[in-house]
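**Student:** Spelled out from the first residue to the last, the chains are:
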Amino acid sequence: MKGLNKKARSFIGQSIEDLFTEMIYKIIGDVPQLKNKKSIVFSTEEPQHTLAKLYVDALGHRKLNPVEENVIENNIAQATEYITALKDKTKNNVINKVDGYVKNKQVKGQSLSREDLDEIVGAEMEKAGKHLHLTTMAEATKARNVGAGLDIIDVGVSQGTSDPTVFFVLINDESTCSECKRLHLMEDMKTPRLWKFSEISQDYHKKGDPTPSINGLHPHCRCTLTYLALGFGFDSSGLVKWKAPNFDAYKEQREG
Amino acid sequence: MVSNMQRAYQLGYVKGAQDQEQESLMMEMQAQQNPQIDPNTGLPIDPGQMGQELPGQQMAAVQGQGDELDNSLDELEGMMSKSEKDIDHDKIKELLSNIRIKGDNLKNSAMLKSSDPKKLKLPIMKDRVRKIGAMKNLSDQKKAAVTAQARLVEGAMDKFKGSSMEKTMAIVNEIVEQEGKE
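Going line by line, the protein sequences match chains A and B.
For the first sequence, the residue numbers in the working numbering are 1 to 256.
For the second sequence, the residue numbers in the working numbering are 1 to 182.
I should point out that these hints are in silico values taken from the structure, not numbers from a laboratory.
Bear in mind that the values here come from a model prediction, so they are computed numbers and not experimental data.
Any given hint might turn out to be false.
Stated by the list, open to error - Result set (DSS-like, lysine-lysine): computed pairs, CA atoms no more than 25 angstroms apart in a straight line:
| hint | chain 1 | residue 1 | chain 2 | residue 2 |
| --- | --- | --- | --- | --- |
| 1 | A | K243 | B | K159 |
| 2 | B | K161 | B | K93 |
| 3 | A | K243 | B | K93 |
| 4 | B | K136 | A | K241 |
| 5 | A | K63 | B | K136 |
| 6 | B | K159 | A | K89 |
| 7 | B | K126 | A | K251 |
| 8 | B | K161 | A | K241 |
| 9 | A | K89 | A | K103 |
| 10 | A | K103 | B | K181 |
| 11 | B | K136 | A | K181 |
| 12 | A | K53 | B | K143 |
| 13 | A | K196 | B | K136 |
| 14 | B | K126 | A | K97 |
| 15 | B | K161 | A | K53 |
| 16 | A | K53 | B | K136 |
| 17 | A | K207 | A | K130 |
| 18 | B | K181 | A | K7 |
| 19 | B | K93 | A | K241 |
| 20 | B | K161 | B | K91 |
| 21 | B | K181 | A | K105 |
| 22 | A | K89 | A | K63 |
| 23 | B | K143 | A | K190 |
| 24 | A | K127 | B | K126 |
Claimed, not checked - Just some of the chain A residues that point at chain B, by a computed CB distance under 10 angstroms:
| hint | residue |
| --- | --- |
| 25 | A8 |
| 26 | I12 |
| 27 | M23 |
| 28 | I27 |
| 29 | D30 |
| 30 | H49 |
| 31 | L54 |
| 32 | V94 |
| 33 | N96 |
| 34 | V102 |
| 35 | M125 |
| 36 | G129 |
| 37 | Q159 |
| 38 | D235 |
| 39 | V240 |
| 40 | K241 |
From the three backbone atoms N, C-alpha and C, an ideal C-beta is built for every residue, glycine too.
Sequences are here, hints too, so could you generate the full structure?
**Tutor:** And the structure:
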């Protein structure tokens, strides 16, 4: 009942390490953590869509100021850590599951079945894939909204507002969740609910929180952060409409 | 993040922001301080220059151009809060073209006098167009990012599916091979 030998353990560990290194390169981009793994990185095509590029897209491909660079670097480092943690978890899960299977077979004096092994490793990979999908979706939503948020602040400053008024464009269909409706629409379920940028949470959202989060309200959140300039409000259908030069739609919503 | 940005702005990191802000403040001050414009409604106040109105036909033409500009702006503003799938990009191009042509015509119209309502509304319209421009740019970037996000997630998951199958096969082969050796 000795289970997996050292060589097999090491092979599994290295295979999963390589898989996730490729995934970090594909999802995040060429981050410093990949410095010593160039042989793997160079064997794959340069990815066209990464979190780093998503930030640049959301910021309209303009030159970043040092504060923006810092915010983006921190977010990218955090996303890399999430995927690295998933890699370690997957490595442990696959090794433990296969080791348990091998020990069971050894105790019973049976030989290993290729089909069983395929099923065990495949199931762990599938689980990791679902987790990776969730992480990628959540981090991409965060990249998109944080990028847009940084740009909104920039535009707000250029228009004399240090704390710009924002709202989330909501795709109102049968899939729209009640949490998105609660925080992104007024009681008429048509007019977007306005927020000051400073009110938007920078943390991950928990159901029931009083304000929306820049990271989205849930992993598959399709709502997008948008800016509303002074002078504009909404018509009866909830569409942006010019009101008057100094019209403050946020003040009107809050003070009635 | 807001306080960081404010700090960055104070330190002059936000390039061009000061000039743009100054322009914006001047525009707003102009609109606010111009005694011929009602600060509450944004509509011109009759300057009392009775008898200097344009002849009926010319006035109607100017009014028509102004109204068309208003309508195009209204339609464009309506697009801001629509999601990507509901947006007609050709319509946006048409509206932007209309706004540019009508705005230029109105600005250059020799028929306008300083007391004409549409001329008095021009600084407000200019401010409105400038703000729509800023919101539209943000909106375009946001929509490009939505597409990029979908491609990123889709591409990553396709890659994971293919690579994880390869790795699964390699792991199974290695374990079976190791067992054979023992």
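**Student:** Starting from A:K127, check that the Cα of B:K126 is at most 25 angstroms away, please.
**Tutor:** violated (55 angstroms)
**Student:** Holds or violated: B:K181 and A:K105, Cα atoms, limit 25 angstroms.
**Tutor:** holds (16 angstroms)
**Student:** Tell me if the straight-line CA distance from A:K207 to A:K130 falls inside 25 angstroms.
**Tutor:** holds (22 angstroms)
**Student:** A:M23 was flagged as interface toward chain B. Is the shortest Cβ-Cβ separation under 10 angstroms?
**Tutor:** A:M23 check passes; min Cβ-Cβ to chain B is 6 angstroms, inside 10 angstroms.
**Student:** What's the verdict on B:K161 and B:K93, does the C-alpha distance respect the 25 angstroms limit or exceed it?
**Tutor:** violated (40 angstroms)
**Student:** Hinted pair, alpha-carbon criterion (25 angstroms max): B:K161, A:K53. Please report holds or violated.
**Tutor:** Between B:K161 and A:K53 the Cα gap is close to 22 angstroms, so the pair holds against 25 angstroms.
**Student:** B:K126 and A:K97 were given as a pair; does the straight-line alpha-carbon distance stay at or below 25 angstroms?
**Tutor:** violated (67 angstroms)
**Student:** Under the criterion of a CB-CB separation shorter than 10 angstroms, is A:V240 in contact with chain B as hinted?
**Tutor:** Hint holds; A:V240 Cβ to chain B Cβ min 4 angstroms, cut 10 angstroms.
**Student:** Would you check the hint for A:K53 and B:K143, treating anything up to 25 angstroms between C-alpha atoms as holding?
**Tutor:** Answer holds: A:K53 to B:K143 is near 14 angstroms, not above 25 angstroms.
**Student:** Would you check the hint for A:K103 and B:K181, treating anything up to 25 angstroms between C-alpha atoms as holding?
**Tutor:** Satisfied, since the Cα-Cα distance of roughly 17 angstroms is no more than 25 angstroms.
**Student:** Are B:K161 and A:K241 close enough, with their CA atoms no more than 25 angstroms apart?
**Tutor:** Violated: B:K161 and A:K241 sit about 46 angstroms apart, past 25 angstroms.
**Student:** Is the interface hint satisfied for A:D235? The criterion is a beta-carbon contact with chain B at less than 10 angstroms.
**Tutor:** holds (7 angstroms)
In summary, the structure is inconsistent with hints 1, 2, 8, 14, 20, 22, 24, 29 and 33 from the numbered list given earlier, while agreeing with the others.
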